[in-house]
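Turn these sequences into a full structure, and let the hints steer you where they fit.
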Amino acid sequence: MENRPSSVYLHSESLAMAGLQLASTATPFLRYLLGTQNRTRHGGSGMTQEKPKEGKGMGWFKTIVGALTGLISGAVMMYVSPLVDSVVKPAKPLANFAVETDGLTATFHNRYAGEGWWDFGDGSPLEPATPDQASISHTYQKPGTYPTRLIVRNFVGDEHERSVSVNVTVSSNVAATPSITQFEAIPVSADRSAPASFRIVAQCKDAERLLWDLGGDRPLEVAADSLTRQERLVTFATAGQHVVQLTALSGNQAVKRHVVIEVAPPRQDTLIARLRVTDRGQKVERWQGTEMVPIAMKRQSGAQKVERRIAARTGSVITKAELGNVDPAFKNLKVQITPDRRFAIVSGDVAMSSEMMKSPNPPTVPVALVQERQTTLNAPPAEMTAAVSPGSLAILPMPASADNGAVQRQMILEIRDGSRALWQETLPSKNNSLYWRNQRWLVQVSAHGNDLRLQLVPAGTAVSTPGN
1 MENRPSSVYL HSESLAMAGL QLASTATPFL RYLLGTQNRT RHGGSGMTQE
51 KPKEGKGMGW FKTIVGALTG LISGAVMMYV SPLVDSVVKP AKPLANFAVE
101 TDGLTATFHN RYAGEGWWDF GDGSPLEPAT PDQASISHTY QKPGTYPTRL
151 IVRNFVGDEH ERSVSVNVTV SSNVAATPSI TQFEAIPVSA DRSAPASFRI
201 VAQCKDAERL LWDLGGDRPL EVAADSLTRQ ERLVTFATAG QHVVQLTALS
251 GNQAVKRHVV IEVAPPRQDT LIARLRVTDR GQKVERWQGT EMVPIAMKRQ
301 SGAQKVERRI AARTGSVITK AELGNVDPAF KNLKVQITPD RRFAIVSGDV
351 AMSSEMMKSP NPPTVPVALV QERQTTLNAP PAEMTAAVSP GSLAILPMPA
401 SADNGAVQRQ MILEIRDGSR ALWQETLPSK NNSLYWRNQR WLVQVSAHGN
451 DLRLQLVPAG TAVSTPGN
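If you're matching positions, the sequence shown starts at 1 in our numbering and goes up one per residue.
Take the hints with a grain of salt, since some may be wrong.
[To be verified] In silico DSBU-like pairs for lysine-lysine, Cα to Cα no more than 35 Å straight-line:
1. Lys-256 - Lys-205
2. Lys-358 - Lys-142
3. Lys-305 - Lys-334
4. Lys-256 - Lys-92
5. Lys-92 - Lys-283
6. Lys-320 - Lys-298
7. Lys-205 - Lys-142
8. Lys-334 - Lys-142
9. Lys-358 - Lys-305
10. Lys-305 - Lys-92
11. Lys-283 - Lys-320
12. Lys-92 - Lys-334
13. Lys-142 - Lys-320
14. Lys-331 - Lys-358
15. Lys-358 - Lys-283
16. Lys-358 - Lys-320
17. Lys-331 - Lys-305
18. Lys-331 - Lys-320
19. Lys-283 - Lys-142
If you're looking for bench data, these hints aren't it; they were derived computationally from the structure. Model, not experiment: these values are computed from the prediction.
Structure representation (structure tokens):
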């Protein structure tokens with residue numbers, strides 16, 4: 001049988017209305033039948049009042065009529081009660097919105113039901129959210145990704161919230177002109193004969209991206225992090241002039257600088273040392289900040305329970321959570337990290353003070369968070385070369401390793417005579433001797449800061465550690 005909810009509803013409503021009408025119209029009639037009204041009899045020259053007589057079956061009649069009245073009133077209440085619940089009880093609140101960005105300004109469009117507050121994730125004060133608000137705009141002070149939250153509730157205290165990461169960048173029409181304040185090539189060793197290594201140092205201002213061109217057949221490199229100061233290690237295997245270029249970009253504006261590097265021809269009495277560095281493992285990115293957590297409570301006196309959940313950033317986990325200075329109205333307040341470290345739970349009690357009840361914004365609790373995100377370090381191997389003369393010191397610069405994380409570094413050092421490999425070992429090496437020109441030489445290797453220092457000495461000769 002086909003279901004017809006709308007027809008059933010209309011039919012039920014009609015029955016309820018009919019029941020109400022029947023109950024209202026039946027009351028005088030029932031009173032008349034039960035003898036609760038006085039009867040008037042005309043007779044003779046006047047009128048006399050006669051008390052109604054009750055027959056033997058009048059008791060059964062009263063019972064039947066009473067039962068009918070109860071059935072009618074019960075049917076009326078059966079259909080009226082759900083109707084009252086559906087009209088009086090509000091729907092659950094829904095925190096929903098759409099967002100679009102233009103430069104540093106984000107516009108949030110209303111898709112929510114209920115009233116609440118906006119938390120834009122940059123430490124700015126909370127903004128009220130109302131159903132009649134079509135949209136709201138917020139301008140951030142600097143580019144970045146911000147965890148924006150909308151918290152809404154209805155008048156009976158039901159709550160719902162939604163969090164979205166909003167990424168804002170500097171708009172091209174307001175971007176500042178970038179500048180490269182320093183760009184120079186510093187030789188790693190005093191010997192500039194091929195192969196020669198140089199440390200390229202650049203300092204920039206107001207740049208969104210950097211484009212490196214290290215010359216030759218090397219691929220272009222794009223840098224988007226730590227743009228204030230950048231360094232690159234470059235080795236040139238051939239003699240002559242080599243050009244390294246750097247382009248700083250900001251919006252639709254760009255500035256370029258270049259440096260020319262002179263490399264001398266290789267000497268005949270030298271060997272070539274080649275260092276290959278490979279980093280593998282997990283790199284840890286750490287973020288620290290304070291979340292101002294809004295506590296939406298019913299505006300009433302007396303103690304109320306507090307429980308608020310703070311989500312970690314996308315792909316991150318919370319490693320540390322501490323409460324800041326909170327209002328004395330909060331009692332037994334604590335913050336705990338969930339076992340999966342994806343959330344921090346703030347719980348306790350609060351007794352709403354008069355100031356809290358007068359304020360249009362909810363009270364907030366500051367929570368200092370430390371979050372971490374692990375990424376796989378899979379950078380291509382880095383190669384550095386240097387000319388090595390017997391008895392002299394050669395310096396091989398090493399790339400900087402990741403600051404955080406479990407990174408394993410492998411270093412392979414090779415010494416060549418032209419196209420022929422004389423010695424190759426993974427550092428630290430147990431074999432420290434090689435043969436060249438019918439003579440045995442000792443390979444002395446030591447690390448000094450970010451450099452690897454290398455020296456070749458004849459076997460049997462007492463030498464000090466390279467670099468001392």
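Cross-check of the supplied hints:
| no. | hint | verdict |
| --- | --- | --- |
| 1 | Lys-256 - Lys-205 | 13 Å, holds |
| 2 | Lys-358 - Lys-142 | 33 Å, holds |
| 3 | Lys-305 - Lys-334 | 12 Å, holds |
| 4 | Lys-256 - Lys-92 | 57 Å, violated |
| 5 | Lys-92 - Lys-283 | 43 Å, violated |
| 6 | Lys-320 - Lys-298 | 30 Å, holds |
| 7 | Lys-205 - Lys-142 | 15 Å, holds |
| 8 | Lys-334 - Lys-142 | 32 Å, holds |
| 9 | Lys-358 - Lys-305 | 20 Å, holds |
| 10 | Lys-305 - Lys-92 | 20 Å, holds |
| 11 | Lys-283 - Lys-320 | 19 Å, holds |
| 12 | Lys-92 - Lys-334 | 28 Å, holds |
| 13 | Lys-142 - Lys-320 | 26 Å, holds |
| 14 | Lys-331 - Lys-358 | 20 Å, holds |
| 15 | Lys-358 - Lys-283 | 48 Å, violated |
| 16 | Lys-358 - Lys-320 | 34 Å, holds |
| 17 | Lys-331 - Lys-305 | 10 Å, holds |
| 18 | Lys-331 - Lys-320 | 21 Å, holds |
| 19 | Lys-283 - Lys-142 | 26 Å, holds |
Violated hints, in rising order: 4, 5, 15; the structure is consistent with all others.
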